[in-house]
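Colleague: Produce the entire structure from the sequences given, and follow the hints as far as they go.
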Amino acid sequence: MATQQTTTQNLTLVQAVRDGLYTEMSRDSDVLVLGEDVGKNGGVFRATEGLYDEFGPDRVIDTPLAESGIVGTAIGMAAYGLKPVPEIQFMGFIYPAFDQIVSHAARLRTRSRGRFTCPLVVRAPYGGGIRAPEHHSESKEAFFAHEPGLKVVIPSTPHDTKGLLISAIRDPDPVVFLEPKLIYRAFRGDVPEDDYTVPIGEAAVRREGTDISVFTWGAMTRPTLEAAENLAEAGVDCEVVDLRTMSPLDRETIVESFKKTGRAAVVHEAPKTGGLGGEIASIIQEEALLYQEAPVERIAGFDTPFPLYALEDYYLPSVARVEEGIRNAVEF
Amino acid sequence: MATQQTTTQNLTLVQAVRDGLYTEMSRDSDVLVLGEDVGKNGGVFRATEGLYDEFGPDRVIDTPLAESGIVGTAIGMAAYGLKPVPEIQFMGFIYPAFDQIVSHAARLRTRSRGRFTCPLVVRAPYGGGIRAPEHHSESKEAFFAHEPGLKVVIPSTPHDTKGLLISAIRDPDPVVFLEPKLIYRAFRGDVPEDDYTVPIGEAAVRREGTDISVFTWGAMTRPTLEAAENLAEAGVDCEVVDLRTMSPLDRETIVESFKKTGRAAVVHEAPKTGGLGGEIASIIQEEALLYQEAPVERIAGFDTPFPLYALEDYYLPSVARVEEGIRNAVEF
Amino acid sequence: MSTLQHDPRDQVRVLDEDGEVVGEIPDLSDGELVEMYRQMRLARHFDKRAVSLQRQGRMGTYPPLSGQEGAQIGSAYALDEDDWLFPSYREHGAGVVRGLPLKQTLLYWMGHEDGNKMDEGVNIFPVAVPISTQILHATGAAWASKLKGENRAFICYFGDGGTSEGDFHEGLNFAGVFDTPNVFFCNNNQWAISVPRERQTASETIAQKAIAYGFDGVQVDGMDPLAVYAVTRAAVEKAKNPEEGQRRPTLVEAVQYRFGAHTTADDPTVYRDAEEVERWKAKDPIPRLEKFLRNTGRLDDEAVDGIRQSVEDEVAEAIREAEAVERPEPSEMFEHVYESLPEDLREQRASLEALREQYGDEAFLRE
Amino acid sequence: MSTLQHDPRDQVRVLDEDGEVVGEIPDLSDGELVEMYRQMRLARHFDKRAVSLQRQGRMGTYPPLSGQEGAQIGSAYALDEDDWLFPSYREHGAGVVRGLPLKQTLLYWMGHEDGNKMDEGVNIFPVAVPISTQILHATGAAWASKLKGENRAFICYFGDGGTSEGDFHEGLNFAGVFDTPNVFFCNNNQWAISVPRERQTASETIAQKAIAYGFDGVQVDGMDPLAVYAVTRAAVEKAKNPEEGQRRPTLVEAVQYRFGAHTTADDPTVYRDAEEVERWKAKDPIPRLEKFLRNTGRLDDEAVDGIRQSVEDEVAEAIREAEAVERPEPSEMFEHVYESLPEDLREQRASLEALREQYGDEAFLRE
Ligand SMILES: Cc1ncc(C[n+]2csc(CCOP(=O)(O)OP(=O)(O)O)c2C)c(N)n1
Ligand SMILES: Cc1ncc(C[n+]2csc(CCOP(=O)(O)OP(=O)(O)O)c2C)c(N)n1
Ligand SMILES: [Mg+2]
Ligand SMILES: [Mg+2]
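Residue numbers (the working numbering), protein chains in the order written: chain Z, 1 to 332; chain G, 333 to 664; chain H, 665 to 1031; chain P, 1032 to 1398.
A portion of the hints provided could be inaccurate.
As the list claims (entries may be wrong) - Below 35 angstroms or equal to it, Euclidean Cα-Cα: the simulated DSBU-like pairs (lysine-lysine) are:
| # | chain 1 | residue 1 | chain 2 | residue 2 |
| --- | --- | --- | --- | --- |
| 1 | Z | 259 | G | 592 |
| 2 | P | 1314 | Z | 40 |
| 3 | H | 767 | Z | 40 |
Note that these hints are calculated values from the structure, not bench results.
Modeller: What follows is the structure, given as C-alpha cells:
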C-alpha cells in the first residue's frame, strides 16, 4: 500500500499524528482541523503543533469549549464537502458529542440514501498510564465499535499512525481515530516523509508464533510484545497480532492466526465486561471452535471506574498480568 | 423474594411500570419522576398515567426538553437524598444524557468514596417493531453494560416489570431500566397489588430443556419461546433463559444451563458486533469450554442502522431466524 | 432590515387577524403573493390527507402542521435559490416551497428511507428526529459555505421545546463566534408535545435568547405569512451582507400554534383546552392572507376555487405515486451504511437473502 | 440586594486597584475582613507550594489558582453555614473557606481518591473534571433542597470556557424554570487553556446570558474580594428570600485573570503576552485588600507578618500530612463501585490479589 518512500524521519507517535495531518492538509485544501486548543497552542499534546502557522486560522480552528458543538458542526461541514478532523481533547470528554457521533455522523449516509456523506475523522487521545486526573484515562473503543456506520482505528506505531490517519481522512465515511497517549512519546519509529496510507481494516502480525495468538491494540501492544519475549524464554511461542482497526475487525487475520495456534488471549485496557475482548473471543469460537484448545483469555481493565493515578498501574494490564493470562491459556 | 401476595391484577407490561412507580411512590415520599410529558400527559406511552393527579406536580415533573438536564439534575437530587426516576422518552434520545450517565451517575459513589451516592433509575423504552420513525427503535443496552458503576435491567413480563422496577428504585446505585416497548401492551400477566421485588442480577429460566440453552431478554423473549415450541415439535428441546439483568450478568445461571446442554444461542435486537451476545459467548467459553459442543450462535440485529419501518421486520430477529440459528447450533 | 433592530418584545406584524394591513407589505409581486397563498393551501390540504392516511393504516405516525403554514411558507419563500434549509420533522410545507416533492414526504412517513433522499439540486437536509441536533449541522454547513467563499444563507427550523437542548446553545454560540450566515428559525407553537412554552424556559421571549450569543433576535407573528416573510428576508440579507458591526446570524421566534395533535400518536385534549385552540384558530394564517388578497383585488372566488382544485389534485397524485412504490428490497438495509460494504455486512446480507429464499417473506413479516 | 439590579455591563466594584474605596463596603466585622485576607494569602501560598511539589515530581498535574483568590474567597465567604458549594477543579481556596482541609486537596492531586472524600458536614461536592457537568448537579441538588422545604443556597463554580457547554445552558434553564436557589458563579479568567474569552462567545458579557433564562445576571470585578462578597451575598439572600416577582437564581460573572499556567502541564507563553499578564497583575486582589485593611487601620506590619508565618506553617503541615499517607491498597479500586460488590468484581479483586502475592508489587508498577 505504501507509495514510494523517498525520505524517512524518525518520529514519535504524536509527531506522526502531526505529520499525517500536515501531509494531508498540504495535499487537500478541504481538510481542516478544529477543536479546543488546537490552534495557537498546537494542542495540549502538541499533535497540531505548527499547523496554525502553516495553514492559518480558517483551517486550524480553536473552537468554544463544547464537544457536541465541535462534532456537530464538523458533521455539517463534512456534509457540505469539507473534510473536518475534529479533535476531542481526551476520550473521557467525548461523551457530550456521543449523540452527534452515533446518531448523526454514523447515520447521515444511510439516512439520506447516499445524498449526504460524512467524511470526518474524530481524533481523541485515549487510555491510561500518564498520571492524569479523573476522566483522562478512558478506553471505551467498544462503544464506537458497536455503532454501525462508524469505523474505529487505533494505531500503535508512528508509521501506522501517519498511514492510518491519512487513510481515515481520505475515507468517505466517519472514522473515530483513537490515539494511545501513553505511547505518544514513548519511542520513535521510521516514518516516510511522503504521503502513504495504511489500510483501515487490516491487522498487523507483530510477532509470529505457533503456540498462542495474542490479540491487542494501541498502548497494550508494547507490554504484550514484552510478555511474548519473556515467555519465549520460557518456551512459549506467542503470535502477537495488533488489530489496528476495531471496526470493522479483520476477522480473517484473527481466525487465520487462531487456526494456526488453537489458543488465544486478548489484551485491552477497557473494562473486561462488554469490551471488545468478548467480541473477539466470540468470533473465534464462531469461526474456529474445532480448533480451540483453551478458553480465549481476556486480559483487560477491571470492571471498575478507572482509578486516580495512585492505583492506575494496578488497573492497567501489566506485563506480568499479560504473561499470567497467556500462560493460563497455554497451560489449559 | 416476593412478599405475601394478597390480590393480583391482570396488567400489561406498561401498566406494570405504572403500578411499580405508583407502589413505590406511595411507600416512599422521596421517590419522584421527571421527564418530558410524564406529568399531565401521563407519558407518551401512558407509563406515568394518573401519577400527576395522585402525587402532584412536585413529584411528577414535566421538564424542559433536555435529556442531559433531566439526568444531570436527577443526579444532583439523588446525591441530595431523593430517589428520582427520570424518564427518557425513547432510548434513541438517551445519548444527550450519555455523559451524565457514564461520567457522573456511574461514578459519583466511587469519586466521593461513598460520601455521595446516586440512587436513581433512568427509565427508557427501547427496541423496534412498532412502526415508529427514525431513532425510536434502538436497542443499545451494551453501551451501558460496559460502564462500571451502572446496573442495567430489562424486564419481559408484567410481573417482573413491577418487581424489578421496585428493586431498581430501592437499589442504592444507579440503574438503567430499559422497557421493551414492543410488548408494552402485547399481553397481560398477573401482577400482585402489593409491593414486592424481583432481585436484580438473577436470570429466569422460562422453559427448561436439555438440547440447547437460548439466552435472551426483553421483547425477544417471546419470539424465542415461540421458536422453542416450534422446535420442540421437531424434537429439539430448548432451554430458554430470560437474563432480565444485563449488568451484572447472572453468570452462574448462564454457565449452569450451558453445562447441562452443551450448546447455546443468544438472541438480541441490538447489532451483532459489540452486542452482549459476544459477552455471553465469551463467558461461556471461559467457564465451560470443555462442555461446548457447538459455537454459540448469535441471533441479532444486523450491523446496520435500524431501518425505517418498511424494513424493520427484516431487521429484527424473527421466529424463523431464531429457529434457524438454534438449528445451526444443534446440528453443528 | 430594520425589522431586525426591534426589541425582541415588539412582535413584528404586517397583517392583523382580519387580514388588515398593520405593517409594511413586503416587496412581492401579485403572482408571488398568490403563490404563497397556494402553497399554504397545499400544505393544509396535504396535512389533512396525511392524517387521514395514517388513520386508515396507510401510513405510520405523522406530525401534522396545520396552523403553522404561515411560518413555514413565509420563511421558506424568503430564501434565495441557492440557500439551504435544515428542517426538523414538521416542515413538510417549507419543503414543498424548496422543491421537495410531496411524494417524498409521504414515502418517508410510510417508513421508506427513500423519502429522505433529496434530489441533487434540492438544498434540503434530511429530516432530523432528535430534537435540535440539526442546529449544529446547519451552523457547520453555513460555516463551510463561508469558508468556501460562497454567499448563501442557511435556515434551520426547530421548535420552542428545541431551545432547551444543549445543542441549541452550542449551535447558536458557534454561529455567533464564527459569524456564520444562519437564520435560526424557532417555530414557537406553544407546545412541545404536552409541555407548554412557560415550562420550557423562564425567559419572557425566545427571541431574547439571542442576546446570549451576541446577535439579533426578533419575535414575529408566526401566523402572519407576510410578517414572517419580511423578517426572514431581512435575516437572509443580513446573513449575506451584514452591515459594519452586525453579526450575520439571527434568531427568529415565530409565535404560532399547532391546531392539531403533536403527531397522530398524540391526544392533545389530555393537556390543553378546546377554548385555547379556538382562540388561536381565529389567527389562522390562511383566511388571513386570503382576506388580504381578496381585499386588494389579487384573488377572487374563481381563483380560489381553481387553487382548491389544483391543490387537491396535486395531493391525490402524490398519494397515488407514493402508494405505488413497493416495499424496498430488504437488502437495501445494507446499502449506504458505508460507501463500500465491509466483509461481515456482506455475509449478513447473504444470510438474510438465504433465509428469505428458504422461508419466504411470510416468515419475517409480523401482523 | 440592589447590586443585582445592575445592568450586566456595569461591573460592580468596591475597591479600586489601589485599595481605595469606590463602592459600598459590605457589612463585615474587622475580624472577618482580616480573616478573608488571611484565607487569600493561604490560598496563594498553597498554590505556590503545590506548583513546586508538582515540579519536584511529588504531585501530578495541578491547576493553579493565583490571581483568582479574590473571587474564590470573596464568594465562598458569602455563604451561610448550611449552604452548599459545587466546585470545578480549581476552587482550592473556596474549599478551604468551607472546611475542606488542604491535605485533602493535596491528596486528590497526588492521585488518591480519598482527597475527594468530604467529611460529613462539609457541604462540598467532589471536584468536577468534565467541564460544566457540575452545573446540573448543583441545580438538581438546589431543587431537591427546595422540594424538601429547606432554605439553603447552592453556589456552583465554572469557568468562562464552561459557558459554551450544553450543560451550562440546560442547568441554568432548569434553574430558571424550577426557580431553584442557585448562585451560578462564573470565574471568567479570560482564558480556557489557550482559548481567549472572545473566542468562547460573541456576547459582550457572560452576565447577559442570564437574560436567556429569565433571571438576574451581574458582572463583578472578580479581583475585588469585597465586591465579590457583596454580589454573592446578595445572590445568596435572593436565592433564599426572593422578593415578589424575583426569580431565585443568579448568574454572577466575576471578571478576573489566572496569573499562572492553566495546569502544570500547560505553557501559557505560547498563547499570551507577558504584557497582558503584567496588566492584570496590577489588579492582584491580595495587595488590594491589604492596602485597604492597612489604610483603615485593620492591619499592620506585625499582623501581616503573623499571617505569613501561620499560613506557611499551615501549608507545610498539610504537605507533611498528605505525603505521609501511603499509596492506597490496590483493592480499594473495587470499593465504592457499587454499595455491595457483585460476584464478578469479587473474582477480579481476588485475581489481582493473587497476582500481587505471586509476583509482588514490582510486577505492576511502571517507571
Ligand atoms: C432528543 C430528543 N428528545 C425527545 C424527543 C421526542 N420528541 C419528539 S417531538 C418532541 C417535542 C418537540 O417540541 P418542539 O421542539 O416545541 O417542536 P414541535 O413538535 O412543537 O414542533 C419530543 C419531546 C426527540 N425527538 N428528540
Ligand atoms: C467536557 C470537557 N472538555 C474538555 C476538557 C479539558 N479541559 C480542561 S480545563 C479546560 C479549559 C477550561 O476553561 P474554563 O472553563 O475557562 O475554566 P478555567 O480552567 O479557565 O478555570 C479544558 C478544555 C474537560 N475537562 N472537560
Ligand atoms: Mg413546539
Ligand atoms: Mg477560564
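Colleague: Please go over all the hints and tell whether each is borne out by the structure.
Modeller: Cross-check of the supplied hints:
1. About 28 angstroms separates the Cα atoms of residue 259 of chain Z and residue 592 of chain G, which keeps this hinted pair within 35 angstroms; it holds.
2. For a cut-off of 35 angstroms, the pair hint linking residue 1314 of chain P to residue 40 of chain Z stands: about 26 angstroms separates their Cα positions.
3. Between the alpha carbons of residue 767 of chain H and residue 40 of chain Z the distance comes to roughly 50 angstroms, so the proposed pair goes past 35 angstroms and is violated.
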